[in-house]
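**Q** One letter stands for each residue in the lines below.
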Amino acid sequence: MLKRQRQLAVGAVVAISMLATACSGGTGAGGAVSSSPSPDNAGGTNAGGGEQVELRVMWWGDQARADITNQVLKLFMDKNPNIKVIGEFAPSSGYFDKLNTQLASGTAADVFFLGGNVVDYANKDVLLDLTPYVGNELDLSDMDPAMIQYGTLADKLVHVSAGANARGIVVNTKLFEQAGIPVPQDGWNWDDYARISNEIAAKLGDGYYGTYNFTFEGMDIAYKQNGAQLYDMAAGKLGFEEKNALDWFGYWSKTSEGGGVVTPELAVSHPIDDPSKSLITSGKAAMNLIPSNQLGAYQGLTEDPLTMVQLPRGPKGTGVVFESSQGLSGYAKTEHPKEVAMLISFFINDPEAAKILGNNRGVPVTSKNRSLLEAEASDVDKIVYDYTSRVSDATKTEPFAVSYNPPGNAEFEKMGKTTVQEIGFGRKTVEQAVKDFYQNAVKILNSNQ
Amino acid sequence: MGTSRKSLARDQNRTAYLFLLPWLLGFFLLTAGPMAGSLYLSLTKYTLLSPPTWIGVENYARIFAEDDTFRGSLWLTFKYVFLSVPLKLAFALMIAMVLNKGLRAIGLYRTVYYIPSLLGGSVAIAIVWRQIFDGTGAVNRALAWLGIEGPSWIAHPDYIIHTIVTLSVWQFGSAMVIFLAGLKQIPSDLYEAAQVDGANGWRRFSRITLPMLTPVIFFNLVMGVINSFQAFTPAFVIGDGRGGPLDATMFYTLYLYLKGFSFFEMGYASALAWIMLLIIGLLTAVIFVTSKYWVFYGDNKEGR
Amino acid sequence: MTTATTMKTRLAGPLKHLPVIALGLLMIYPVLWLIASSFKPNQLIFSDPSLWPATFTLDNYKNGWAGFQGISFGRFFANSFVISILSVLGNVITCSLAAFAFARLKFSFGKLWFALMLVTIMLPYHVTLVPQYVIFNELHWINTYYPLVLPKWLATDSFFILLMVQFIRGIPKDLDESATIDGCNYKQIYFRIMLPLLTPALITTAIFTFIWTWDDFFSQMIYLSDIRLFTVQLGIRALFDPSGSSDWGALLAMSALSLLPITAVFLVFQRYFLEGIATTGLK
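Protein chains in written order, with UniProt numbering: chain H, 1 to 449; chain L, 1 to 304; chain B, 1 to 283.
Hints are supplied without guarantee of correctness; some may be wrong.
Beta-carbon label-pair distances, calculated as ranges [stated by the list, open to error]:
| id | chain 1 | residue 1 | chain 2 | residue 2 | range |
| --- | --- | --- | --- | --- | --- |
| 1 | B | Lys111 | L | Ile55 | 34 to 40 Å |
| 2 | H | Lys237 | B | Gly74 | 53 to 59 Å |
| 3 | H | Ala235 | L | Leu143 | 53 to 59 Å |
Below, simulated DSSO-like cross-link-like pairs (lysine-lysine); rule was C-alpha separation at most 27 Å, straight line [stated by the list, open to error]:
| id | chain 1 | residue 1 | chain 2 | residue 2 |
| --- | --- | --- | --- | --- |
| 4 | L | Lys45 | H | Lys124 |
| 5 | H | Lys203 | H | Lys254 |
| 6 | H | Lys443 | H | Lys124 |
| 7 | H | Lys443 | L | Lys45 |
| 8 | H | Lys203 | H | Lys284 |
| 9 | H | Lys84 | H | Lys333 |
| 10 | H | Lys316 | H | Lys435 |
| 11 | L | Lys6 | B | Lys111 |
| 12 | H | Lys277 | B | Lys62 |
| 13 | B | Lys111 | L | Lys292 |
| 14 | H | Lys277 | H | Lys254 |
| 15 | L | Lys45 | H | Lys237 |
| 16 | H | Lys174 | H | Lys203 |
| 17 | H | Lys79 | H | Lys368 |
| 18 | B | Lys187 | L | Lys6 |
| 19 | H | Lys382 | H | Lys368 |
| 20 | L | Lys292 | B | Lys173 |
| 21 | L | Lys101 | B | Lys16 |
| 22 | H | Lys338 | H | Lys156 |
| 23 | H | Lys333 | L | Lys45 |
| 24 | L | Lys6 | B | Lys106 |
| 25 | B | Lys106 | L | Lys292 |
| 26 | H | Lys237 | H | Lys316 |
| 27 | H | Lys338 | H | Lys79 |
| 28 | B | Lys173 | L | Lys6 |
| 29 | H | Lys355 | H | Lys338 |
| 30 | H | Lys428 | L | Lys79 |
What the hints contain is simulated information worked out from the structure, not anything from laboratory work.
Remember, it's a predicted structure, so these values are computed and weren't measured experimentally.
A virtual CB, placed ideally from N, CA and C, is assigned to each residue, including glycine.
Required output: the full structure, derived from the provided sequences and hints.
**A** Here is the structure:
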């Protein structure tokens, strides 16, 4: 017995070490990018010509996105034989935990994707300044100036958008048909919106709603429609007054009383930003605010025909512009900044890459690639392109600045959504809730500067 | 005699450390360093992305003086521990007793009862629970039969804690398995002797099963308290993973995680962690001290 | 007398089963829903709540199993098996060693070590994650299975140590005392007396370690980046993106499949509970 146990233990130890050796084959990258360059990697430092360079790229998403992203990386390697790119991806549910762990230990990938929280990372000096490479390795000549502006923080280009979208109202046309109400047209206003929402709910009866409550999600747009903004990047402070917030929160509170707005309880079990649980796809709510690149996800989960309409207008217009859905940043500690710039440039400019990537991360950010994809768009994509071109026409006569999320984005978001619920569940009056909201927003902003 | 006892003790000492060697290695190489590190970080301002700066006990001061979410999450967590642990243990023990009988196809039953625990905190279970506890879910459809109109169990901040407790009780499988293993270890001759004495079922349970099972009950209690204090997954399975709605799923560990990883206040989060360690340590110590009076071990004679 | 008892048990038999079955159905309803939904087309999963799919499809399994970048779920399953089995061996061996020392041997600082052992499970892993990551990175072990498996071989799962301590303390001490008198040393007591008597606890440890490792997501996600090293849980999470177009059907299908091995492990190993000391006849 004793002998057998020992044999078992020894066997296991051997197995474990063999396994680990077998696995460590392709893993030099894991430790290669540490704060102090390891000797075996020193040869590759700043290899401009000829020498072999290794880059790591990390993104989040599902396997479909992983497949196409890897295809593009392979294409890049074919065209740049001296650069080896290792793609790493994490499921979206853990991506930022992983990224933060890697950044904290100085082992982040050379290139990684960021979303609306880019300001937080820029503030902490972990992003590579790409400015010196613009015009050389990094070609931004065909990119929308507003998008370049968006990635330029504190006069440094630290983020290059990989996909654009424009927010708009998604409409479940079947519910409008059932209620006998015509599908709304661009150019409507917020009174129309409240009226139509309530009518839908009234006509279709119990359990049906006109609209989701997007007090928080549409807040920045609402402020812009009134000549304010959510976060004033230049001044580093909030771009709106408490009065702006009170008007907007008040509008939703009043509309909710009419019965046309998804109840706070349902908004918890069927979150506003999750297509799979959405009341839009289950045919219980008629309208919601979504980024245009999500229309495909919504349509894929329902047989009801969906379409997109521009936001209701405020005093200054619709307030909608092209925004970055997500983009690429370089790691400040990368040993190969030039190659990082080359890769980013390839990602947004190369027509073959654009064909492979499609609209997965949003509409392409260069006009050439946009027209390339428009030519072979699917039915859902056509609706998206039609919508985005209407937005782009509108911005020519009514330009708006791109919104930034304030620093401390995650905390701000949590606090803002809680405020909406406090009003919805009747825990606070609108006045009290907005007062607290404004104070907390200032506090979060100050502690994250 | 004296020398041999001394050498025996020395031998025992050496053998003990030999047996403990893997654990000691693990402790010093993998655990102790990071633990000490987190204690140091709790005394710093550490944004995760820039180097920590020393601020003394400021984090602790802020937690106790001005953090409402800390108080709320501590209260919620206590409520969860005191509701879910006793319920889960009672349920698990009951089912384990039933499944310890020689029913036909007993293995299948055990497996069926364990299946909920297999699901753990997977993505799928979040979807499933929504189907069951939503406003129009299976539970409310069943209640509607009885003429009761149920609320949305996973969405209303007042009810959500009950749903989470239910989820935890439903996943009683691990505790049940440990009870089963414990029941299997009770020597059958004790029961035979009792049978001869004519003891009925309840007496057999209270005089033999329960006392013999106390080491295992003790284990389940200690681990139950520690684990439910660290409850984290329910907030993702049932809540939105951000503590919502209205902080009704803001468990202590979730708050700590959000502070550290989402809000970039790892120093503050570390301070929260050490406060939690003290609380759990205190609770565990209390259970250990009282265990003298109610846990019967085979290795001390008075227990038998 | 005898016939009366058999009559009673014969009648009581099916009656006894009824509540057990009823409660059992309640227990596995969610799993039945999961399995049923995995055969439904994507559009119907959330709109058709019935347990019997109106439209039956195997596409979810086909699409899911295909995996990505030419690596199928078969590879992920194999990877998960390797990690889980190595973890089981590690935990069973090293935790039982430590538990034996804590429960039966008197040694210097014993109480202190025991307290420290308990304290290690009281700190949530989120705050030790970054320092631990730094250690594994220094060792160049990121993107290997070492960070997942090695801790189990160093008995860092205090849960199981305490579990076995409790079981050992429940074993009458006269057994090993008489063995000592027979001239057995501690190693022999551990191997010849403790291990066989500990079977229920060892089986429990094996089952739990296997299942928990199988279900683990967070540490696998943090330490593994290479798709060839991905596990089942990582593969499943990669099937969905809350804000994008998740393949829910494939996700449910692969979730259902991922339950198979752990259910089988449980079904097979729970039998060994029956062979604890209760049936072997201790004395």
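**Q** State for each hint whether it applies.
**A** Outcome of the hint check:
1. B/Lys111 to L/Ile55: 34 to 40 Å: holds, 35 Å
2. H/Lys237 to B/Gly74: 53 to 59 Å: holds, 55 Å
3. H/Ala235 to L/Leu143: 53 to 59 Å: With Cβ atoms ~55 Å apart, the hint holds.
4. L/Lys45 to H/Lys124: Measuring from Cα to Cα gives roughly 13 Å; hence the hint holds.
5. H/Lys203 to H/Lys254: holds, 19 Å
6. H/Lys443 to H/Lys124: Given pair H/Lys443, H/Lys124 holds - Cα atoms ~18 Å apart, limit 27 Å.
7. H/Lys443 to L/Lys45: Given pair H/Lys443, L/Lys45 holds - Cα atoms ~17 Å apart, limit 27 Å.
8. H/Lys203 to H/Lys284: holds, 13 Å
9. H/Lys84 to H/Lys333: Holds: H/Lys84 and H/Lys333 sit about 18 Å apart, inside 27 Å.
10. H/Lys316 to H/Lys435: Judged against 27 Å, a Cα distance of about 25 Å means the pair holds.
11. L/Lys6 to B/Lys111: holds, 20 Å
12. H/Lys277 to B/Lys62: Between H/Lys277 and B/Lys62 the Cα gap is close to 24 Å, so the pair holds against 27 Å.
13. B/Lys111 to L/Lys292: At roughly 16 Å apart (the allowed maximum being 27 Å), L/Lys292 and B/Lys111 satisfy the hint.
14. H/Lys277 to H/Lys254: holds, 26 Å
15. L/Lys45 to H/Lys237: Given that 27 Å is the threshold and the Cα spacing comes to 23 Å, the pair holds.
16. H/Lys174 to H/Lys203: holds, 13 Å
17. H/Lys79 to H/Lys368: holds, 20 Å
18. B/Lys187 to L/Lys6: Holds, because 19 Å separates the two Cα atoms, which is no more than 27 Å.
19. H/Lys382 to H/Lys368: holds, 17 Å
20. L/Lys292 to B/Lys173: holds, 18 Å
21. L/Lys101 to B/Lys16: holds, 10 Å
22. H/Lys338 to H/Lys156: holds, 16 Å
23. H/Lys333 to L/Lys45: holds, 22 Å
24. L/Lys6 to B/Lys106: holds, 12 Å
25. B/Lys106 to L/Lys292: holds, 19 Å
26. H/Lys237 to H/Lys316: Within the cut-off at roughly 22 Å; holds.
27. H/Lys338 to H/Lys79: Cα-Cα ~16 Å, so holds.
28. B/Lys173 to L/Lys6: holds, 21 Å
29. H/Lys355 to H/Lys338: Measuring from Cα to Cα gives roughly 25 Å; hence the hint holds.
30. H/Lys428 to L/Lys79: Given that 27 Å is the threshold and the Cα spacing comes to 24 Å, the pair holds.
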